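Chemist: Take the given structure of chain F and dock chain A with the ligand to it, following the hints.
Here the protein sequences come in this chain order: F and A.
Sequential numbering of the first sequence, starting at 98, is according to the working numbering.
Sequential numbering of the second sequence, starting at 280, is according to the working numbering.
Hints may contain errors.
Pairs of lysine to any residue, SDA-like flavour, derived with a Cα cap of 25 Å [what the hints assert, rightly or not]:
| id | chain 1 | residue 1 | chain 2 | residue 2 |
| --- | --- | --- | --- | --- |
| 1 | F | K122 | A | R296 |
| 2 | F | K176 | F | K204 |
| 3 | F | K135 | A | R434 |
| 4 | F | K127 | A | N329 |
| 5 | F | K236 | F | K127 |
| 6 | F | K122 | A | T303 |
| 7 | F | K324 | A | R357 |
| 8 | A | K318 | A | D424 |
| 9 | F | K128 | F | I113 |
| 10 | F | K236 | F | I113 |
| 11 | F | K176 | A | T303 |
| 12 | A | K384 | A | N421 |
| 13 | F | K135 | A | I300 |
| 14 | A | K384 | A | L427 |
| 15 | F | K127 | A | R296 |
The set of hints was computed from the structure by calculation and includes no laboratory data.
Please read these numbers as outputs of a predicted model, since none were measured by experiment.
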Amino acid sequence: MTQFNPINWKTHPPYIHPPYRSTAKRGPLKKLLPLPQKLSELTGPVFGADTVNELDSDLTRNARVNGEPIGERIIVVGKLLDESGNAIPNALLEVWQANACGRYIHKVDQHDAPLDPNFTGCGRVLTDANGEYRFTTIKPGAYPWGNHENAWRPAHIHFSVFGTNFLQRLVTQMYFPGDPLMSLDPIFNGLPDENGKKRLVSDYAHDITTPEWALGYRFNIVVNGPKETPFETKEA
Amino acid sequence: MSQFEQSPSQTIGPFFRNALIEMTANQNNLINENTAGQKIIITGLVLDGNSQPITDSMVEIWQADANGYFNHPADPNRAKADPAFSGHGRSEAVNGGRYTFTTIKPGIIPGTVTPYINLRVFARGMLIHAISRIYFSDEAENDNDEVLNSVPAERRHTLVAQLDPAEPIPTYRFDLNMQGENETVFFNP
Ligand SMILES: [Fe+3]
Chain F
98 MTQFNPINWK THPPYIHPPY RSTAKRGPLK KLLPLPQKLS ELTGPVFGAD TVNELDSDLT
158 RNARVNGEPI GERIIVVGKL LDESGNAIPN ALLEVWQANA CGRYIHKVDQ HDAPLDPNFT
218 GCGRVLTDAN GEYRFTTIKP GAYPWGNHEN AWRPAHIHFS VFGTNFLQRL VTQMYFPGDP
278 LMSLDPIFNG LPDENGKKRL VSDYAHDITT PEWALGYRFN IVVNGPKETP FETKEA
Chain A
280 MSQFEQSPSQ TIGPFFRNAL IEMTANQNNL INENTAGQKI IITGLVLDGN SQPITDSMVE
340 IWQADANGYF NHPADPNRAK ADPAFSGHGR SEAVNGGRYT FTTIKPGIIP GTVTPYINLR
400 VFARGMLIHA ISRIYFSDEA ENDNDEVLNS VPAERRHTLV AQLDPAEPIP TYRFDLNMQG
460 ENETVFFNP
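For reference, chain F alone in the conformation it holds in the complex (with noise of 0.2 Å):
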């Protein structure tokens, strides 16, 4: 059976950034053991086309009310690929932010910004046939967190990615180009790597900008891929 790469933790946050307060108490101090990639690790949930409905992918219509949602329209597209680049297609993608003021319907954030009644920043796309995606929205606002005095995460929009098996589960950020409050973040700065910093950050994409509509940006995603065989390295 094939295996996978393992969780690269050259380009990965670790559990404890002292920074970000939170993980102090909450990640994992001993040492991670290992485990066999067996079938139940090669395996993963499979997803149909009846998962999403169209609307899923368009976040400036799918809570409409009484209007459209406030704030500056946007096109995210990307193209889900494993480590060798082969594109995963069927994988479902969620997505989750806040408004264009910077406030999340959820009933936990206290942040004194206003709601928008028809916008929940709540939205779920598959990968084609050639792990491309597309979604519009709006572009989130930047928002205040408790971690320490005057800390504002960089706007942002979360992501959950499902690959096609149980090791290629990520749960990620994409960040906007030139947001002067990425160095500021103890979360974006908990990645140890810059490379690794820069795959977050999504690129602004004029191709993808419509005329007279939305700007666009890009954003793709690498999950772990297939072990290299030795047969396979071309090493020079």
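Modeler: Chain A with the ligand in isolation, oriented as in the chain F frame:
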């Protein structure tokens, strides 16, 4: 060298509920009237290093059907898998840090000796999820399981859900201790 590098994980944050739970209700009930197997309940607390409940956490499980099969292309027995069982469940732990699943006792996966469930926990304050397993206290063959035997003996109990004899539906208690003396064993597959 791989052509592409993995996109790094980020915390699920505190506000996943509306997207991941409410829009897709009943994800903590994996069964319906057509699902084969013995109905069971698995429930437990997600606890931090101070033994306080982590009320903004989420647990996901992945398990075989009653015969040990997965409805997935990688399973050579996929054709025999129970069409009334997806094997995937998800439970928030917002109510006092308690998660609960209604499911069936998994069958024994060919090549293994005892039933188990794969588990992941996500939380605000975790930049990346943690992976563990649930075994069952009433299974005699646990002693012969390759993975359990690879775990230091004094920590094995953290992977075994305890059957509660008082409940009418077989109910297993399985707390996740993120830290502390009884820190759950987490894996790096
Ligand atoms: Fe957020």
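Chemist: Any hints this thing doesn't respect? Which numbers, in order?
Modeler: 2, 5, 6, 10, 13 and 15
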